[in-house]
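Visitor: With the hints as constraints, model all of the structure from the sequences given.
There are 2 protein chains.
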Amino acid sequence: KLAETLSSQYGLNVFVAGLLFLLAWAVHAAGVGKRDLLCFLTALMLLQVLWMLWYVGRSYAQRRLVRPKDAHAGARWLRGSISLFAIITVILGCFKVGYFIGFSECLPAMEGVFPVIHAVHTLLQVYFLWGHAKDIIQSFKTLERFGVIHSVFTNLLLWANSVLNESKHQLNEHKERLLTLGFGNITIVLDDHTPHCNCTPPRLCSAVSHVIYYLYPFNIEYQILASTTLYVLWKNVGRRVDCPARPRMQLGVGRVLAGAALGLGVLASTIGVVVVYLVHIGRSRTKSESALILFYLWATALLALMGAAGLLGIWIYRTDEKPLGEKPLGESKNPARKLDADLLVGTASGSWLISWGSILAMLCASTRPRYTWFNLPYSILVIAEKYVQNLFIIESVHREPQRPCQDVRMLRVVTVCSGGTSPASSCARSGAVAEADQGSEAPGVVRGNLCSRGKEDEERGPEGSPRPAGPRSFLQGGTRRSVLRNVAAFLFLCNISLWVPPAFGCRPEYDNGLEEVVFGFEPWIIVVNLAMPFSIFYRMHAAASLFEVYCKI
Amino acid sequence: KLAETLSSQYGLNVFVAGLLFLLAWAVHAAGVGKRDLLCFLTALMLLQVLWMLWYVGRSYAQRRLVRPKDAHAGARWLRGSISLFAIITVILGCFKVGYFIGFSECLPAMEGVFPVIHAVHTLLQVYFLWGHAKDIIQSFKTLERFGVIHSVFTNLLLWANSVLNESKHQLNEHKERLLTLGFGNITIVLDDHTPHCNCTPPRLCSAVSHVIYYLYPFNIEYQILASTTLYVLWKNVGRRVDCPARPRMQLGVGRVLAGAALGLGVLASTIGVVVVYLVHIGRSRTKSESALILFYLWATALLALMGAAGLLGIWIYRTDEKPLGEKPLGESKNPARKLDADLLVGTASGSWLISWGSILAMLCASTRPRYTWFNLPYSILVIAEKYVQNLFIIESVHREPQRPCQDVRMLRVVTVCSGGTSPASSCARSGAVAEADQGSEAPGVVRGNLCSRGKEDEERGPEGSPRPAGPRSFLQGGTRRSVLRNVAAFLFLCNISLWVPPAFGCRPEYDNGLEEVVFGFEPWIIVVNLAMPFSIFYRMHAAASLFEVYCKI
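If you read the sequences in order, they're chains E and X. Residue 273 in the working numbering sits at position 273 of the first sequence; the count goes up by one each step and never skips. Every number in the working numbering is 1000 more than the matching position in the second sequence, counting from 1.
Just so you know, these hints were derived from the structure itself, not from any lab. Idealized CB from N, CA, C, for every residue including glycine. Be aware that one or more of the hints could be misleading.
[Unchecked claim] Listed next, the in silico DSS-like pairs over lysine-lysine satisfying Cα-Cα at most 27 angstroms (straight line):
| hint | chain 1 | residue 1 | chain 2 | residue 2 |
| --- | --- | --- | --- | --- |
| 1 | E | Lys338 | E | Lys235 |
| 2 | X | Lys1235 | X | Lys1168 |
| 3 | E | Lys552 | E | Lys235 |
| 4 | E | Lys287 | E | Lys175 |
| 5 | E | Lys168 | E | Lys34 |
| 6 | X | Lys1287 | E | Lys235 |
| 7 | E | Lys338 | E | Lys552 |
| 8 | X | Lys1338 | E | Lys338 |
| 9 | X | Lys1235 | E | Lys235 |
| 10 | E | Lys338 | X | Lys1235 |
| 11 | X | Lys1175 | X | Lys1034 |
| 12 | X | Lys1338 | X | Lys1175 |
[To be verified] Some chain E residues well away from chain X (every beta-carbon gap over 10 angstroms; in silico):
| hint | residue |
| --- | --- |
| 13 | Leu2 |
| 14 | Ala17 |
| 15 | Cys39 |
| 16 | Val49 |
| 17 | Leu50 |
| 18 | Ser83 |
| 19 | His150 |
| 20 | Leu178 |
| 21 | Arg203 |
| 22 | Leu305 |
| 23 | Gly307 |
| 24 | Leu343 |
| 25 | Tyr387 |
| 26 | Gly478 |
Guide: And the structure:
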C-alpha cells in the first residue's frame, strides 16, 4: 500500500509537471518553448526505455520461474490493436523526421531527435506489452511499481501532447474556415507554430505536413491504449491471483450477417458523409449549412438506430434474468474489468458536457437559424445513446456467461464435453475454466452452456451432444445469443463509424456557430478542446469493449 | 451493478448540465444568466428535499427492523463538523436574504428564494446525515441509489457554485490590487456582478456583502463534506456488510502537549501572518513585496517542520514493521476508507499543479526579482510536504491497529479486560470488536493492545492490568504511540493553519506576479482558479484524516 501511494504520487507529479510544459507551449509562454517540452518528454521516454530493458532482461534471466498471469489483462485483440496503431505511429515518426529534414535550417535539433526516440520507445513498448502485459509482479515491488507508473504517465503525456497538436490543428482549420466565411466580428488569431523558413522541396513539405495530421488520430489511440494497458499492469502489482487460467476469446463469424452488413453499410455511409462534409464546410455559407444539415440528419438516424439496438440488447438481458431471480451480478474485483467500466462512464462525460452545452445554447439562444434545430435531437440522442450503450456493455461484461438452460442434466453433457476434448479445443478455450474458478455459483451449468456453444464450430470436435438439454430452451438460447451477437457487431461497427468524423476533423461543434455565440468563442473552444479527446477515446474504447462483448456471447 | 451504472450516469449528466450553467454564468453568456442557474439549483435541491423526506418517512415507518450499518462511514466527528459548517451556511443564507432585501428593487426574485430553499435544504440534510449516514441500503435499491446520487451531485454543484462565487470575488480583489499598483499593461476588466441599483442603507449593505465573503469558505467545506458523506452512502447501497459493530473513537488529550502546543503556536502565528499579509498586500510595491517575503518565509519554515514531522512518523512506522516481517497492510474494500485515500492524493494534485507551475515559471523567467527567490523553496516544500503527509496518513489509516507486544500471553489480559468492563467502557469502545471482526489475523492480540490503551484513562475502570505483558515492550510501545500522537496532533493543527490563508484570500500565487508574466495572465488565472479549490479542500480533508489517525493511535 505504501509503495502504491509512493509510486502513484510520483507519477502524478511527473504528469502534472508535464501538463504545465504543455500548457506553457500552448499559451506561448515566455521563456518556455517547444524545445523544453520535447526535452522533458524525451527524458521521460529514455527513462522508461531503460526501465523496460531492465525488466525484460530480468525476466529473461528468471524465465524458468513460473509466474502468475492475469487472464483478463492485455487481451490478444487489445495487444493486436496496439501493435497496429504503433506501426502507424512509427510511420508518423518517419514523416516527422522528413518534416524536420525539410525545415532543418530553423528547427531546433530536438524536433529531429524526438521522433527517433519516440519510434524506439514505441517499438520497445509494443514488444514489452506483448511479453509482459499479463504479468502479476510479486517481487521487487517498489522499483517495478515506479517503472510501471512512470510508463503510464509517460504515455499519458505523449497522448496529451498529440491531442494538443491535433486540437491546435483543428482549431486553426476552423479559424481559417471562419475567415473564409467572413466572420470579422470574432477577432481571429491563427495559433501558428509553422517554422519561419522555407522548406527545400516546398510541395513535398506541405504534403508531409498534411499527411501528419491524418495520422495523428491513430497515434492518439495508441498512446491511450498503451497507457490503459500499463495501468492495469500497475494495478496488478502484488495482487492476489484469482484466475490462473486464461479465457481465450473465439470469433465466430456465422449468424451475424445482418448486424455486420448493417454496420458495414453504416461505415461506408460515414465515409461518404465525412468526405462531403469536409469538402462542403467552410466553402460558402449555404454549403456549410447543407453540410451541417446532412451531418446532423445522418448522425441522428444512426444514433437512433444504435439506441434502439442497445435497448433491444438490454431488454433481452432483463427478460432473461427474470426467471433466474434477483441474483447479483458478479462484483468483479479485477482491475482490468473495473477500469473498463469506469473509463466508459468517465469518458462519456466528455461528450455529455458538449451535448449539454449544445442543448443549453439551443434553449437560450436569441436567434435560431433553421439548421441549428437539427442540433437539438442530435445532442439529445448523443446523450441517450451513450447512456444506453454503457448500460448494455457493462451489463454484458459484468455478467457471468449466460445460462440459457438451467437444467441440472446439463452436468452430464459437461462431463462428456470436457472429457472428450483436448485442453486446446474450443470447449476448454471458451473461458469455462476461468469463469468457473471465479466463483460462479453453478460452475457445472456454466460449463454446460459454454460447451453448447460448440454447435457453431461443430466441425472442430464431436461435442454436438448438447441436444439432450431440450430443443426448445436451446433454440431460444440460440436465437437470443444470435440476436445479442448481431447487436454487438452492429454497435461495434457503428462506434468505429462514429469515431471517424471527430478524429478526422469533422466537428460540427465548431462549425455550428450557435454555441460560440451563446458562450463566447474562447470559452466554448476551451470546453470543446478539453472534452473532445475524451469523446473520441470513448468511441474507440466502446468499440473495443463491444468486441469483447461480442466474443463473450 | 446495472442500477449503479444507471444512477451514476444520471448523476453525471445532472452534474455536467449544472457545470454548463455555471460556465455560462461565469463567462456572461448571452441569454443564460444567474437566474437560470439559481432556478436549476433550486429545482435540484427541492427534488433532493422531497427524496430525503420520503426516505426519512419510510425508515421511520420501518424503524422496528434492524438494518445493517457501516461502521466506517459518517464518523461522529465528521457529522459534527458538517453540522458546524452547516450552521455557518445557514447564517450565510440569512445574510444573503438581507442582501437581497437591500437590493430588492433590481435583483430577480430568485436571488431571494434561493437562500431560503438552501437553508431548508441544509437543515434537512444535516438531520438526514445524522440519522442515516451509516445506513447500508438493501431494499428498493434503484430508487434509493438515484436519490443518493442526486444528492451527491446536487451538493457538488452547490460546492462548485460557492467556489465560483468565491473565486470571482478573489479575482476581483486581485485585479483591484493590480490597479492600485498601477499595472496598466494588463488589460483589467473587473468581472462585476453587483446589481445596478442602490441599496437602501448603503453602509449596512457593503458590510453585509463583505461578511458574506468571509463566510463562503465554511459553506464550501460544508458542501464538499456533505457530498463525500453521501457518496460513501451511495457506494454502500447493496453492499455486503463486513463489520456490523462500530469502532468508536476516543480522544485522549494527555501526553500530546508538545505537539498541540506547537500546533497552536503555529495557528496563532498563521492568523498574525494572514492579517499582516492582507493589510500590506496591494498597498504599495514595497509593502507588497515585504508581505510576500514574510509569507514565504513563514510558510517555508512551517512546511519544513511539517515534512520533518511526517518523516518522523513514517520512520516510526517503518522501524516498527521490520520486526514483524513483510506483512501486507490491510487491503480495505471499505468505500469510506478507499475514498479517503483517493481524495487525499487526488486533491493534492491541485496544489502540485500550482507548485510545478511556480517552479517552471521560476526556472524559465527572464527577470527574477529578489522576492521571487523565496517562491522556489516554498513550492518545492509544498510538493514534498504533501507527498510525505499523504504517505503518513495512508500508512496510518490502512494499518491495522498496532501490535506493540506480540505476546500470546496477552490473550489472558484480553479476557480479563473484556470481562471486567461494561460494553460502554473505554475498552469495548476503542474499536476492538470491529477490528477483530474485520479479519485481522490475530484478533486476540489486537484486543490486548487496545485494552492496554486503558492506561491513559485508568481512572475510568480497573483495567490497569496490561502490565503483565512485559514492561519493556510496553514502555517502548507507549513512547512510540505518544510520539505518533504528537506528530498527528501537530500535523492536524498545521493543516488547519494552512487552510486559513488561501481560504481567506491570502493567495501569493496571484500576487506574486512571476507566473502571470511567464504563462500570461488569463491562462495562469484559469489554472489557479481550477486548482485552488482542490488545494483548499486538501488541507481540510487532511486535517480530518489526521484527526482520525490521532484517534486511532
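Visitor: Each hint should be assessed against the structure and marked as holding or not.
Guide: Hint by hint, here is what the structure shows:
| no. | hint | result |
| --- | --- | --- |
| 1 | E:Lys338 to E:Lys235 | 11 angstroms, holds |
| 2 | X:Lys1235 to X:Lys1168 | 34 angstroms, violated |
| 3 | E:Lys552 to E:Lys235 | 24 angstroms, holds |
| 4 | E:Lys287 to E:Lys175 | 17 angstroms, holds |
| 5 | E:Lys168 to E:Lys34 | 14 angstroms, holds |
| 6 | X:Lys1287 to E:Lys235 | 51 angstroms, violated |
| 7 | E:Lys338 to E:Lys552 | 17 angstroms, holds |
| 8 | X:Lys1338 to E:Lys338 | 15 angstroms, holds |
| 9 | X:Lys1235 to E:Lys235 | 21 angstroms, holds |
| 10 | E:Lys338 to X:Lys1235 | 14 angstroms, holds |
| 11 | X:Lys1175 to X:Lys1034 | 22 angstroms, holds |
| 12 | X:Lys1338 to X:Lys1175 | 40 angstroms, violated |
| 13 | Leu2 | 6 angstroms, violated |
| 14 | Ala17 | 5 angstroms, violated |
| 15 | Cys39 | 12 angstroms, holds |
| 16 | Val49 | 24 angstroms, holds |
| 17 | Leu50 | 23 angstroms, holds |
| 18 | Ser83 | 31 angstroms, holds |
| 19 | His150 | 16 angstroms, holds |
| 20 | Leu178 | 18 angstroms, holds |
| 21 | Arg203 | 36 angstroms, holds |
| 22 | Leu305 | 21 angstroms, holds |
| 23 | Gly307 | 14 angstroms, holds |
| 24 | Leu343 | 13 angstroms, holds |
| 25 | Tyr387 | 5 angstroms, violated |
| 26 | Gly478 | 24 angstroms, holds |
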